[in-house]
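Between the sequences and the hints, there should be enough to build the whole structure, so can you do that?
If you read the sequences in order, they're chains A and B.
First residue of the first sequence: 1, per UniProt numbering; consecutive thereafter.
First residue of the second sequence: 1, per UniProt numbering; consecutive thereafter.
Please keep in mind that the hints were generated in silico from the structure rather than gathered at the bench.
Just so it is clear, CB atoms sit at the ideal spot from N, CA and C, and this is done for glycine as well.
Hints are not guaranteed to be accurate.
Not everything, but these chain A residues come out facing chain B in the computed CB check (under 8 Å) [as the list claims (entries may be wrong)]: (1) F28; (2) R93; (3) A107; (4) K121; (5) Q146; (6) Y150; (7) A152.
Here are the computed lysine-lysine pairs in the DSBU-like style, where the Cα-Cα straight-line distance is at most 35 Å [to be verified]: (8) A:K173 x B:K220; (9) B:K220 x A:K109; (10) A:K125 x B:K216; (11) B:K161 x A:K149; (12) A:K127 x B:K216; (13) B:K216 x A:K124; (14) A:K250 x A:K109; (15) B:K215 x A:K126; (16) B:K220 x A:K127; (17) A:K109 x A:K80; (18) A:K173 x A:K127; (19) B:K215 x A:K124; (20) A:K109 x B:K216; (21) A:K126 x B:K216; (22) A:K149 x B:K220; (23) A:K125 x A:K173; (24) A:K126 x A:K149; (25) A:K121 x B:K220; (26) B:K220 x A:K124; (27) A:K149 x A:K125; (28) A:K80 x A:K127; (29) B:K216 x A:K149; (30) A:K173 x A:K121; (31) A:K124 x A:K80; (32) A:K121 x B:K216; (33) B:K161 x A:K121; (34) B:K220 x A:K125; (35) B:K220 x A:K126; (36) A:K109 x B:K215.
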Amino acid sequence: MSDAAATKENPAPGTGDLVVLRKVNKHFGDLHVLQDIDLTIARGEVVVVVGPSGGGKSTLCRAINRLETIDSGEIAIDGKPLPAEGRELAALRADVGMVFQSFNLFAHKTVLANVMLGQVKVRKKKKDVAEARARQLLDRVGVASQADKYPAQLSGGQQQRVAIARALAMDPKIMLFDEPTSALDPEMINEVLEVMRQLARDGMTMVVVTHEMGFARSAANRVVFMADGRIMEETTPDQFFSSPRSARAKDFLSKILHH
Amino acid sequence: MFDFLEGYDLLGAFWTTVRLTVLSAVGALIWGTVLAAMRVSPVPLMRGFGTTYVNVVRNIPLTVIIVFTSLGLFQTLGVTLGARDFTTINFRLAVLGLTVYTAAFVCEALRSGINTVPVGQMEAARAIGLTFPQALGYIVLPQAFRSVVAPLANVLIALTKNTTVAAAIGVAEAAALMRVMIENEAQLILISAVFAFGFICLTLPAGLFLGWVSKKVSVKR
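In structure tokens, the structure reads:
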């Protein structure tokens, strides 16, 4: 009981740093979306990134597996700097699970095939081994009965849970969530958040960009507040929600919490 | 009424048309897919080659290409494509010319199909660790093909009719036979009608079938 509370309140469990960003900069034309970002994510840590739209949250998340290139600075995962294009980058991405706002399930493949593809083509697992693992993961996220359907036949919440299973099938070291519930109908948000909470409880290292403050409060070890391309504040959820230090964070919280 | 058909190998001529069409279609589909992959690849040299190829080839009249295969490749450069007799050499050269030409159109149809696949599909594919060629082959192209079955049917119909150009280098397909018959027989309108009907018999079912396939395989989003 007290142990569980302790892990929840003390960030940085596990051993060592998994992701290190140092002085990362990125521009979209004139817009300086990432400005001297320094961020370290420890193994087993759940970091929730919040902030106003256009603040660079998604770009930060996408930069970690190089779906966005950066202009300067360093990003290292598990001690290794991000490789440039090519096989090495593909190998690294296989170790970094990614869940998108718009699910992005492979539209021409069944749910089961979606979860098997990476295992077979990237991890070179045998088909039957991959299928068993896929079914187990689909069961874990609660969509086992939908295995033979196509993504378009599922609800948004179901699709997103399949997307989580697809990412987990690669046995990633870390999971990135880029606004995973923003495209969902309100009644489906919880089923996805519940899967994510379970993952967090199981010790998965997670970076979650979200507008779900309830999730940040209950599942995060650390909240990172971003605005205007900078990390304005980095603290525990309790501290962030009860007594934010920066004016931007106070302003942001007053806008989203009072309605 | 159809006595004038006697003594001519009508079926044989149309069979040659069919063989030209099928072989060129397969060739154009493969080469056109490679070209489309080049045109969307991250390698600038490949993109440049694909773009140049398409813009040059699709703007040259097919007759010029077909005649070049015979005069340029065969008679000047001695390319025989592994055949010995003239009939086979000309047939193979015609298939080559039709493939080279049609591939440019297949490439463009396919590229428009690639553009219908949401960017997120490629991102998701790469995010699970597929390499660019894998992502293209397993995720993007299969969806692109499904969305361009109808435009590809147009290309196939055009190709079927374009095979008549092969007559220019002496391939004994349907149009070549028609020319012979028009010279020897009196029923000009009937002869034209017979050949027109023959081509419709080839292209109409193909078009209807592919239209059905197009609906059948379309990707639901």
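Quick rundown of the hints versus the structure:
Below 8 Å, beta-carbon pairs count as interface contacts, and A:F28 has none with chain B, the closest being about 16 Å; its hint is therefore violated. The restraint placing A:R93 at the interface with chain B holds, with a minimum CB-CB distance near 5 Å, inside the 8 Å limit. Given hint, A:A107 at the interface with chain B, holds; its Cβ is 5 Å from that chain's nearest Cβ, closer than 8 Å. The beta carbon of A:K121 comes within 6 Å of a beta carbon in chain B, closer than 8 Å, and the hint placing it at the interface holds.
Because the beta carbon of A:Q146 sits about 15 Å from the nearest beta carbon in chain B, more than 8 Å, this interface hint is broken. This hint holds: A:Y150 has a C-beta 6 Å from the nearest C-beta of chain B, less than the 8 Å allowed. The interface hint given for A:A152 holds, since its Cβ lies 4 Å from the closest Cβ of chain B, which is under the 8 Å cut-off. Distance check on the hinted pair: A:K173 and B:K220 sit about 33 Å apart at the alpha-carbon level, within 35 Å; holds.
Between the alpha carbons of B:K220 and A:K109 the distance comes to roughly 10 Å, so the proposed pair stays at or under 35 Å and holds. Pair hint A:K125 plus B:K216 holds up; C-alpha atoms about 32 Å apart against a cutoff of 35 Å. The suggested pairing of B:K161 with A:K149 is violated, with an alpha-carbon distance near 41 Å, which exceeds 35 Å. At most 35 Å may separate the alpha-carbon atoms for a hinted pair to count; A:K127 and B:K216 meet this at roughly 27 Å.
For the given pair, B:K216 sits about 31 Å from A:K124 by alpha-carbon distance, which is consistent with the 35 Å threshold. For a cut-off of 35 Å, the pair hint linking A:K250 to A:K109 is broken: about 45 Å separates their Cα positions. Between B:K215 and A:K126 the alpha-carbon distance is near 33 Å, which keeps this suggested pair within the 35 Å criterion. Annotation: proposed proximity of B:K220 to A:K127 holds, straight-line Cα distance about 26 Å (limit 35 Å).
For the suggested pair A:K109 and A:K80, the alpha carbons sit about 33 Å apart, so the restraint of at most 35 Å is met. About 23 Å separates the Cα atoms of A:K173 and A:K127, which keeps this hinted pair within 35 Å; it holds. Taken as a hint, the B:K215 and A:K124 pair is honoured in the structure, with Cα atoms around 34 Å apart against an allowance of 35 Å. The suggested pairing of A:K109 with B:K216 holds, with an alpha-carbon distance near 15 Å, which does not exceed 35 Å.
With a C-alpha separation of about 30 Å, the suggested pair A:K126 and B:K216 falls inside the 35 Å cut-off, and the hint holds. Taken as a hint, the A:K149 and B:K220 pair is honoured in the structure, with Cα atoms around 12 Å apart against an allowance of 35 Å. This hinted pair checks out: A:K125 and A:K173 have alpha carbons roughly 18 Å apart, not beyond 35 Å. For a cut-off of 35 Å, the pair hint linking A:K126 to A:K149 stands: about 22 Å separates their Cα positions.
Between A:K121 and B:K220 the alpha-carbon distance is near 24 Å, which keeps this suggested pair within the 35 Å criterion. At roughly 29 Å between alpha-carbon atoms, B:K220 and A:K124 fall within 35 Å of each other, so this suggested pair holds. Distance restraint check for A:K149 and A:K125: the Cα-Cα separation of roughly 23 Å lies within the 35 Å cut-off, and the hinted pair is therefore satisfied. Only pairs whose Cα atoms come within 35 Å are accepted, and A:K80 paired with A:K127 is accepted, the gap being roughly 31 Å.
A threshold of 35 Å between alpha carbons decides the hint, and for B:K216 with A:K149 the separation of about 16 Å falls inside it, so the pair holds. Taken as a hint, the A:K173 and A:K121 pair is honoured in the structure, with Cα atoms around 19 Å apart against an allowance of 35 Å. Annotation: proposed proximity of A:K124 to A:K80 holds, straight-line Cα distance about 23 Å (limit 35 Å). For a cut-off of 35 Å, the pair hint linking A:K121 to B:K216 stands: about 27 Å separates their Cα positions.
For the proposed pair B:K161 and A:K121, the alpha carbon gap of about 41 Å is over 35 Å, so the pair is violated. Of the supplied pair hints, the one linking B:K220 and A:K125 holds, its CA atoms being roughly 29 Å apart against a limit of 35 Å. Distance check on the hinted pair: B:K220 and A:K126 sit about 29 Å apart at the alpha-carbon level, within 35 Å; holds. Under the criterion of a C-alpha separation no larger than 35 Å, the hint pairing A:K109 with B:K215 is consistent with the structure, at around 17 Å.
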